[in-house]
Amino acid sequence: MTDPRRPLLIWLAAGAAGFVLVPWYAQQDGVFTFGWVAHIAERESAPALLQIISHGRGWLAPLGLILAAGAVAAVVPLGRRARANVLIAAGAAGFVAFFAQGFAIGPTGWSLEWLAARLPPLPLGQPGMGLGAALVVTAFGMLFSLGLAGRGSFRGDPFVAAGVVGVTALIAVFTFFPVVRILVSALQDSAGLFTPAALPDRLFAAKIWGLGCVGGGTHCGVAWNTLVLAFLCAAASTTLGLAFALIATRTDFARKGLLRVLAILPIITPPFVIGLALILVFGRSGLVNQLLEHLVGWQLGRWIYGLQGVLVAQVFAFTPIAFLVLIGVVEGVSPGMEEAAQTLRADRWRVFADISLPLMRPGLANAFLITFIESIADFGNPILLGGNFGVLSTEIFFSVVGAQLDQGRAAALGILLLLFALGAFLVQRAMLGRKAYTSLAGKGDAGLPTRLPDGLRRLCYAIAIPWALLTAAIYAMALAGGFVETWGRDYTPTLRHYVQAFGIEWTGHGVLWTGAAWGSLWTTVKLSAIAAPITAAIGILAAYLLARQEFAGRNAFEFGTLLSFAIPGTVIGVAYILAFNVPPIEITGTALILVVCNVFRNMPVGVRAGMAAMSQIDRSLDEASTVLGARGFTTLRTVLLPLLKPAVVAALVYSFVRAMTTLSAVIFLVSAEYEWATTYIINRVVNGDYGVAIAYCSVLIVLMLAVIAAIQWLVGERRLGRRAPGFASAGIDELGGSAA
Amino acid sequence: MKAAAIEFRNVTKRYGQVTAVADVSFTIGAGTLVTLLGPSGCGKTTILRMLAGLELPSAGTILIGGEDVTARPAALRDVSMVFQSYALFPHMTVLENVRYGLVVSGKAKSEADERARATLATVGLTGLDARLPSELSGGQQQRVAVARALVLEPSVLLFDEPLSNLDARLRRQMREEIRDLQQRLRLTVVYVTHDQAEAMAVSDRIIVMDRAAIAQEGAPRELYEQPRDAFVAGFMGDANRVRGVLTRRDAARADVRLGPFTLSLPHAGAPDGDCEVAIRPEAIEIRADGNAPLAATVRKASYLGQLMEYTLDTPIGVLFAISIAVDRPLAVGASVGVALANHGVVVIPDTTQRR
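Here the protein sequences come in this chain order: A and B.
Per the working numbering, numbering through the first sequence is continuous, rising by one, with the last residue being 1606.
Per the working numbering, numbering through the second sequence is continuous, rising by one, with the last residue being 367.
Same shape as in the complex, but just chain A:
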């Protein structure tokens, strides 16, 4: 047995290094370029200790003292319990002191008015915190966790304690804090003054809740637009999804493989590709318009722009998600029950109407709510096809980036959108909680699913097949668009757009990446590749804690991990700008904020995939490992992770692909230096440069297919004689896949 104090000493050393060795504040050109080494004594890059001694930033001193107190507790002989209590106190005090100084003192001195009014002015302020600060606050968190474990919380397991404390702290900083910040912003005017009276005006403005369109004439409010669109989209997507799911499971349809392709499409497709393709087909100079004008002389003009266009695009985009949810539900209806009904003299219609459909009802509601949430969170399709039809997500965007530049209004709209999404999310969770219907437990469920009655089967075909053909046509069009000169005017085949975007030249000095898109593509791939393993690690860790550990506040913890899924991307984007544009955490415009945003937006997928997989692994395996002397970390590493391989792969693939295709949040966070592929494409579309946009989309789709195939091939799957969940359904069943 090694010294049980070893982890404590290691983390104290890390904290000390953060305090005396590396810069306390964020470095302009990034801390890992090590440009600061030459300027270690200067005000911008000095470690905390030097800041206190030579730069008059004495408010950092308590942090050092608290760290020292922890070190004393580690070395002096103390009882186990007494040491634990000291560590808890030091960790908690450190946390409080750390954030107190961070929020109280800004770039120009006191950042809170009531402090400035009561205390003498500070000679200098402080910029955003950097690596040193991060190390020290991590050390405080570890002191706290080790103290808790020492007192016997979390069954005395330091790894579990640190996991819970760490994940909680990260969610608090990167999910709750921005959301709280957006709430505060809604109460401030553009000068930052506290004006709660403005909130009702902002929340109930006619532009949001107006009903002008009912009587004909002017537009309806964006809130109504959002809700109507979401209801229509959810109803249509769920109906279509059910038709596909029934065909896949309850008919002799020969091409079921094609349906699986349909299921994977939304995962790899950037969210606005459908919208783009619709413009090519039905837009002003789209194929259909031109054909009709040519044949019968009708001028359709801009008819696709508006509710109808957004709705069609969203139904295309989200039907596969409804299909994925419903295929699990339809498969989950126990054939045994249907066979029992048949033996009780029910014909196939009665079996379907009395048994199968009622058993699927919770699943249908679930699919409806998921597509509902996807629709209200969607940003790409409304911004492309909305025209004058505004929804909340686009309205938020224009409040921030447009001529209005009204952060308070953006925040208020964000709150409204958040309330809609959270409301639907909570209803969905509550319903999942009671889904006692589906019966997969089934030992002895060897029966065959009952075939659909003929009439219903024909109906399903009649709905699904034209839609599938249309989907194929849309995708084909989207790919073809990149190979013609100018869509709508000149259909001469060309590779011009690909060369423009992805041109490469060989010179004497090597390869020259001349294409305009390379910069954003590399940024996207690189940052997504950084974010994916972090997302997967945090997600699987949280899943392990949730599925395998009992601790107080477990339900709140679960809610926190899943919350960010319910927050629409535009809201997260605005919230991140508001929260992280100023010290103490000033990371806007950096690559870090893009990574962080993707990690915390996609983490719920990792959590769900991990929990779903862990629920298939018998708990007695962990217990056997524990009884044989392994602590939490060893058990997770040696027993669970090897068995969780498919879930790990799923989490990796999803977080990478979702990061690559995300638009709504990153559009607020990109900078000139760090541009995202999707925002680059949107900008090309806005400029009418469809050729390059479509070429880029095609490259993304092919790239992501290749990545998925490569990861699957590299990681492989280990056969254990028991069924492992396939990656196509893991995690997505409750969450839905596309990054809106």
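Hints listed in this document are in silico derivations from the structure and should not be mistaken for laboratory results.
No residue lacks a Cβ here, since even glycine has one placed at the ideal position from N, Cα and C.
Do not rely on the hints blindly, as some may be mistaken.
[As the list claims (entries may be wrong)] If you want the footprint, here are the derived chain B segments under chain A, 3+ residues with CB under 8 Å: (1) 76-88; (2) 112-120.
[To be verified] Here are the simulated SDA-like cross-link-like pairs (lysine to any residue), alpha carbons at most 25 Å apart as the crow flies: (3) K1511(A) / L148(B); (4) K1073(A) / D1272(A); (5) K14(B) / R129(B); (6) K1511(A) / L107(B).
[Unchecked claim] Take a look, some chain A residues computed to stay more than 10 Å from chain B by CB distance: (7) H921; (8) R1047; (9) G1426; (10) N1549.
Dock chain B against chain A, hints included.
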């Protein structure tokens, strides 16, 4: 091996409103095999899991080898467990499974392998080191699970319904092997089962649990022949419960009037007057010629191969009886006589009805 004694002092385990184990105290001697026996939900598995450290008691003290381990986490207890599902790690080979505990506790790989192989030999499993658990038969998996627990030379070895996944024939063989191993290595073993026959076959002592509390504990024979209450009488084999009248007691025995019979039975502390009597099926002697004190009519008859089962209507109640006279079966409706044997009829002292 250093077998250790176990003591539970007033241990209680609550899950919210539900009390799984209520104020239970017992001791288990070093080197003995003690079975926790009871119906599902009686708290026996919870006791086992508290012993392993997988659950922590809500109140009370647990001692192993005289040492208070109540708050000690499972990984730090000198206890091993064989799980109902075996819980073999499906991604590790037989050898990797068995040496896991040694590797985790920091033993060198060569030593771990050597000890793992030796333990596998002890349980009679050689040459399968490189197999995955899914490639083994049920009995072999069981042996791997036992070897994995044994290799740490724990001071206490726990078995949680280890035979419930085996077929009947293998079950008998494995329980004999477990008993044999325990005797050979002088292990302290705590064994959980709901199968009364299995408990009686392997145990030095049995603790019968009912609804979160101990109903009775003792040697197998003691529990079968002197059940303290109707629950234990019924759980330790079949019992016909009939009303009798207790008269003329002395220090140990009393006369019990049971319809036409008057039997001299140990009164076990039951008061004079009405009492409850349990009659084991094998104590009932059926006489086809009707020449017996109690007249009876055969209501049901079942042929089980090595014996016959009968349900009899009698003036003292419906009796369930068995007979080895398979070659001379009685017809349903036949009138017969019933006599009682000297053993297998007991007075139940505790008539405060437990259920």
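Hint numbers not upheld by this structure, sorted from lowest to highest = none
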